[in-house]
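Undergrad: Chain residues, written in single-letter form:
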Amino acid sequence: MSLIYFLDLVGTFVFAISGSLAASEKKFDIFGALFVASVTAVGGGTVRDAILGSTPVFWTMDTNYLLVITGAVACTVLFKKIVTRLRTTLFLFDTMGLGVFTFIGVEKASLMGISPAICVIMGTFTAVLGGVIRDTLCNEVPLIFREEIYATACIVGGIIFVLLSYLGLADNITTWASVFSVISIRILAIKYHITLPKMK
Amino acid sequence: MSLIYFLDLVGTFVFAISGSLAASEKKFDIFGALFVASVTAVGGGTVRDAILGSTPVFWTMDTNYLLVITGAVACTVLFKKIVTRLRTTLFLFDTMGLGVFTFIGVEKASLMGISPAICVIMGTFTAVLGGVIRDTLCNEVPLIFREEIYATACIVGGIIFVLLSYLGLADNITTWASVFSVISIRILAIKYHITLPKMK
Amino acid sequence: MSLIYFLDLVGTFVFAISGSLAASEKKFDIFGALFVASVTAVGGGTVRDAILGSTPVFWTMDTNYLLVITGAVACTVLFKKIVTRLRTTLFLFDTMGLGVFTFIGVEKASLMGISPAICVIMGTFTAVLGGVIRDTLCNEVPLIFREEIYATACIVGGIIFVLLSYLGLADNITTWASVFSVISIRILAIKYHITLPKMK
Chain A
1 MSLIYFLDLV GTFVFAISGS LAASEKKFDI FGALFVASVT AVGGGTVRDA ILGSTPVFWT
61 MDTNYLLVIT GAVACTVLFK KIVTRLRTTL FLFDTMGLGV FTFIGVEKAS LMGISPAICV
121 IMGTFTAVLG GVIRDTLCNE VPLIFREEIY ATACIVGGII FVLLSYLGLA DNITTWASVF
181 SVISIRILAI KYHITLPKMK
Chain B
1 MSLIYFLDLV GTFVFAISGS LAASEKKFDI FGALFVASVT AVGGGTVRDA ILGSTPVFWT
61 MDTNYLLVIT GAVACTVLFK KIVTRLRTTL FLFDTMGLGV FTFIGVEKAS LMGISPAICV
121 IMGTFTAVLG GVIRDTLCNE VPLIFREEIY ATACIVGGII FVLLSYLGLA DNITTWASVF
181 SVISIRILAI KYHITLPKMK
Chain C
1 MSLIYFLDLV GTFVFAISGS LAASEKKFDI FGALFVASVT AVGGGTVRDA ILGSTPVFWT
61 MDTNYLLVIT GAVACTVLFK KIVTRLRTTL FLFDTMGLGV FTFIGVEKAS LMGISPAICV
121 IMGTFTAVLG GVIRDTLCNE VPLIFREEIY ATACIVGGII FVLLSYLGLA DNITTWASVF
181 SVISIRILAI KYHITLPKMK
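If you're matching them up, the sequences are chains A, B and C in order. The first sequence runs 1 to 200 under UniProt numbering. The second sequence runs 1 to 200 under UniProt numbering. The third sequence runs 1 to 200 under UniProt numbering.
Each hint should be verified, as a subset may be incorrect.
Here are the simulated DSS-like pairs of lysine-lysine, each with C-alpha atoms no more than 27 Å apart in a straight line [claimed, not checked]:
| id | chain 1 | residue 1 | chain 2 | residue 2 |
| --- | --- | --- | --- | --- |
| 1 | A | Lys198 | C | Lys80 |
| 2 | A | Lys80 | B | Lys198 |
| 3 | A | Lys26 | B | Lys200 |
| 4 | A | Lys27 | B | Lys198 |
| 5 | B | Lys198 | A | Lys26 |
| 6 | B | Lys81 | C | Lys200 |
| 7 | B | Lys27 | B | Lys80 |
| 8 | C | Lys191 | B | Lys27 |
Worth flagging that the hints you see were computed from the coordinates, not collected in a lab. Quantities reported herein were computed from a predicted structural model and do not represent experimental measurements.
Bound-form chain A, shown alone (with noise of 0.2 Å):
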């Protein structure tokens, strides 16, 4: 099992709790939980292989999605007291997720030899599509669209993935330079309260 797809099935894990605790706060029943944490989790990937036509889409030819989701789901059930307790690591993993999946979704759609700029839409949809629905069968407009920098270090992340990619770098450092920039990103906007200007 390479880094990368163990760090996947992580990310994975942690956005399906981040959908099952919307759930708890909407008071969906199990199956409404079981579905919300899996369009969380791999709605973003979903919409991007329809995009590009990558069918079977990928979590219907490996398994382990699901059983990571349904342990999300279970965890949350069974511990909710020390799920809620650790917000913090979960907001690390969260961004952890963020990074990988963006790297994921870049580089696939590179594979296929789309064009640079449509590659970082195709990592950032993987990284916050999920949200962005989970948001929307929740009855809220989704969160991304107001607050915090979150898609916006998908984007530089994605570029950053592009740019050395061309430039000729080994694979090695073009991933976790993408991945890490997400995640930097992500917390130095965290920490130092910067958001993007808002429409008028």
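Here the structure of chain A is known, so what remains is to put chains B and C in place on it, guided by the hints.
TA: Same frame as chain A, but now just chains B and C:
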């Protein structure tokens, strides 16, 4: 015309009526009703086909679905009183549709060589996602995330399908066992007010 | 560059402005505006391509769409006052976009050998689904389910396309007849306050 195909069209009709009634409550116009009815009736199968890459999706290759949906909207407009009075009958047909849609989805994925757990999900998606999109378009939190045993019946019916297929039973038995298990679980759950535990 | 392609980009620009203005009203940030603008402009064609299996979807293969959308968001940010003062001009271009998008969708499906009734739906989806997704993301009930003749104009324009194609008229005539029928119906409906009957 096979019996399953006939029941599929009957299910499409009844799901489309449920969509038209939702559009009525929201005071949509005729186009809005046609759109919501279509989404309710074929939205689940559309998402399933997009995820599996089975495109062009099924209803673009068979105009009977469009005809049946248009007929359902016309019936709702012309015979609104009768339709609303027939709630119990509609419930029974809706439940039948739930069973047939589940079977169709799980069988389609199964024939594509998708792994059993994902086939169950594809069956459930076929049966329930139309209603989820209908509720989201009507700006409501999807009903099935909070109320009653609905998707759960589909999951059990899907599991029965993959188990019986695995045991090598005749196609007929597998088909009807899965359809009737969905129907029975749904009816029993309604009768005895059985619900899933809620998230806290 | 063909005239239709030029008008397609103009339509994309105007639809993206309508998305940016919706994002403004909801006080989204710049990323939210870019996302909603993109969905409004290319969401309909994206769903069409996903349903037809024409992937990677069109805008991933031609970065002009992305450029035009980014330009539209930039204009909305920089010249907000001018943009809002130009409502009548925007309405005319929006209506032109509606006609061109309808034509593009119905022609694309038609070239794939899809049956005429479904081609009409694909034309209508191309023109109106972007707005439906925009409204859903903004947590509003889609406007076109309740107000004005909008999708209906696309349906009629699509029908005119398939009829004239069937009669074997020159491509040019078929194209412009369908585009201008959408535009005329929409303008006449607005001028004479014609609406569809509501569901009761």
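Undergrad: For this structure, which hints from the list above don't hold up?
TA: Hint check: nothing fails, all pass.
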